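Novice: The lines below spell out each chain.
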Amino acid sequence: MDVDDKIIVKNLYKIFGPNPDKAMTLLGQGLEKTEIFERTGMTVGVNNANFTIRSGEIFVIMGLSGSGKSTIVRMLNRLIEPTAGEVIVDGRDVVRMSHDELLKFRLHSMSMVFQSFALMPHMTVLENAAFGLELAGIEADKRRTRAMEALAQVGLEGWEDSSPAQLSGGMQQRVGLARGLAVDPEILLMDEAFSALDPLIRTEMQDELLKLQEQDKRTIVFISHDLDEALRIGDRIAIMEGGRVVQVGTPEEILQNPADDYVRAFFRGVDPTNVISAGDIVRDTHPTLIKTKVGSLRAAQELLSNSEHDHLYVLDAKRRFLGVVSSDSLREAIAEHAKDNPIDLAFIKDARAINTADSMQDILPEVASRNWPIPVVDTDNHYRGVVSKNRFLKTLHRTEERLDEQQGEMNAA
Amino acid sequence: MIVIIGLIAWRASGVWLALFSVITMTLIGLLGLWQDSMTTLAMVLSSVIFCAIAGVPLGIIAGRSDRFEGFMRPVLDAMQTTPAFVYLVPIVMLFSVGNVAGVLATIIFAVPPIIRLTSLGIRQVHPELVEAAQAFGATDWQVLKRVQVPLAMPTILAGLNQTIMMALSMVVIAALIGAGGLGSPVILGLNTLDIGEAVIGGLSIVLMAIVLDRITQSMAKKR
Ligand SMILES: Nc1ncnc2c1ncn2[C@@H]1O[C@H](COP(=O)(O)OP(=O)(O)O)[C@@H](O)[C@H]1O
Ligand SMILES: [Mg+2]
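Residue numbers (our numbering), protein chains in the order written: chain A, 1 to 413; chain B, 1 to 223.
In short, the hints are calculated from the structure, not lab data. Predicted model, so just to flag it, every value in this text is computed and none were measured. Ideal Cβ placement from N, Cα and C applies to all residues, glycine included. Hints should not be assumed to be uniformly reliable.
[What the hints assert, rightly or not] Derived DEER-like restraints, expressed as beta-carbon distance ranges:
no., chain 1, residue 1, chain 2, residue 2, range
1, A, E101, B, Q124, 28 to 38 angstroms
2, B, V3, A, S195, 49 to 59 angstroms
3, B, D66, A, E101, 45 to 55 angstroms
4, B, P90, A, S195, 31 to 41 angstroms
5, A, R39, B, L94, 23 to 33 angstroms
[Stated by the list, open to error] Here are a few chain A residues that sit away from chain B, every Cβ distance over 12 angstroms (derived from the structure):
no., residue
6, M110
7, M120
8, V183
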């Protein structure tokens, strides 16, 4: 097991009905969910799910209504008892925990946010936020402090004495989120937490969640039936169909290589430039120069003249991006200064780096308007390579071709 | 006693209900039935208290268990539909005539609504709220105490109100087995064909019912 693996789901099944063993046998014989329902009246909620959720990531489970998303997320904290399989969290199998162990686990390790908010109407906003702490037997002062902190985190200062019914939907779900955060869980389960909100508020809450995630890295399992939402917040996505997990991967991986028509159908109409990021298409093809004390105009000119490329990317000793020089800019600088002057003199003025997380759409203006390949850096400003016009267009072309192809297949079918 | 009832009404609702209760009770007093009305009040209250003590827990169990609910339903139906005279005989045989037998008969007749409505109240609590509590690690007891019972309270109080009304409606029958109270003048009136006496007794029962009904209803609303 990898240390980064937070939750491992192995061969997980849930059959709803009086005789799960029989349904399991039929599943073993290769029958489908619909056939089993017709023959026995039992519903296959989840069918042999296998995936791993990494520590600190937002893992989105996506699928149409009835595909088993809620069932699977409720088996992670055993609100729904699995029919078979394992749910291993931090090395411990939740399925085999005793009742007391399970209660403790729910108190301290996992909290949950619900689609319908599920706030207690007979409690104030503060009491709601403190609910998990109250159940855990935390004393009143401490409870209050922590709940107030959580409410502040979601921007609800001043509302603590209101009743939930007085708040708008978006604010109610902020309370739901605060209730989840107040117990400071390592894992946060969110079952269509934003689906009941109108689109504007929904986007706002997604941003809020991403911001919170930046402050405290939690492992978030986020259920959604909305592709835009999944792409916006998901580090990785699992796609479910009829109780089965049909594909797991990063948004780019799934977009570029959909497992089947169902997945493809999900992604139809998605603008690939929104999904593919600079980090996905970056290539380290161009010469770089580490600027040391001797990092001079001459050294750069030497390097470039031996290279097939026209541009040189200058980094510091820690490989952080400093600037770009071209053969032209070098020539001009040398005309004005001596050859052993620092290389900074030849930096192209407007050259700036883009981030690995920027989408193709974000970087399009920069790529299109410059005549040098755009340098790409990661969040720590480390140089990762460049995106050239050529590379950009090729990627665009390829995804478009594939989308056309799919469109054709869909129409034919 | 009038003052106490007035105070309770005042606490439960306000000046108007307090005034109304005091006037009504005084009226009963003026009708010359003060002694009887106090006997009735005592009997009704003691049966209702017992009904609540036994009925609420039974209702909670029925609210949480389909099997227990399935078992309780026909029993409650039987308790409510069997004519009181059917079980008066064995009760009188066991406890002889008097207050005890009266209270017992009243309980049998009056306990079903509070069980039913408690169960209904528990069942009406939104399952996602129960689920939310469980997701945060609540024990069964915590779910009951912090979520189900508080949210079912208005329905439980409506059940209590109905139980009180049913208990009052047993007053005349209780008087038949010598329990005394406001039922006695009614029975006496019937036996002697003294319509006036019977009407006065009946009127007092109605007045008392109205007072108790208003007080408990406003208690339920207040929550
Ligand atoms: N308690 C239940 N009893 C019977 N069938 C259920 C129950 N809960 C869910 N199901 C069925 O299991 C399947 C998956 O449901 P669910 O996990 O709620 O889907 P989703 O959350 O993706 O919409 C559906 O076919 C649903 O009808
Ligand atoms: Mg669902």
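Novice: Starting from the hint 23 to 33 angstroms, judge whether the C-beta atoms of R39 of chain A and L94 of chain B obey it.
Specialist: violated, 57 angstroms
Novice: So is M120 of chain A really clear of chain B, every C-beta pair being over 12 angstroms apart?
Specialist: Incorrect as stated: the minimum Cβ-Cβ distance to chain B is 6 angstroms, not above 12 angstroms.
Novice: At the C-beta level, are E101 of chain A and Q124 of chain B separated by a distance inside 28 to 38 angstroms?
Specialist: Between E101 of chain A and Q124 of chain B, where Cβ atoms are some 32 angstroms apart, the hint holds.
Novice: Check the following: the C-beta atoms of P90 of chain B and S195 of chain A are separated by a distance inside 31 to 41 angstroms.
Specialist: violated, 60 angstroms
Novice: Holds or violated: is the Cβ of V183 of chain A farther than 12 angstroms from all Cβ atoms of chain B?
Specialist: violated, 7 angstroms
Novice: Classify the label on M110 of chain A as holds or violated, using whether its beta-carbon is more than 12 angstroms from each beta-carbon of chain B.
Specialist: Incorrect as stated: the minimum Cβ-Cβ distance to chain B is 8 angstroms, not above 12 angstroms.
Novice: Hint says 45 to 55 angstroms; check whether the CB-CB distance for D66 of chain B and E101 of chain A agrees.
Specialist: Once the Cβ atoms are compared, 28 angstroms apart, the range 45 to 55 angstroms for E101 of chain A and D66 of chain B is violated.
Novice: For the pair V3 of chain B and S195 of chain A, does the Cβ-Cβ distance stay inside 49 to 59 angstroms?
Specialist: holds, 58 angstroms
Hint violations for this structure: numbers 3, 4, 5, 6, 7, 8, all remaining hints satisfied.
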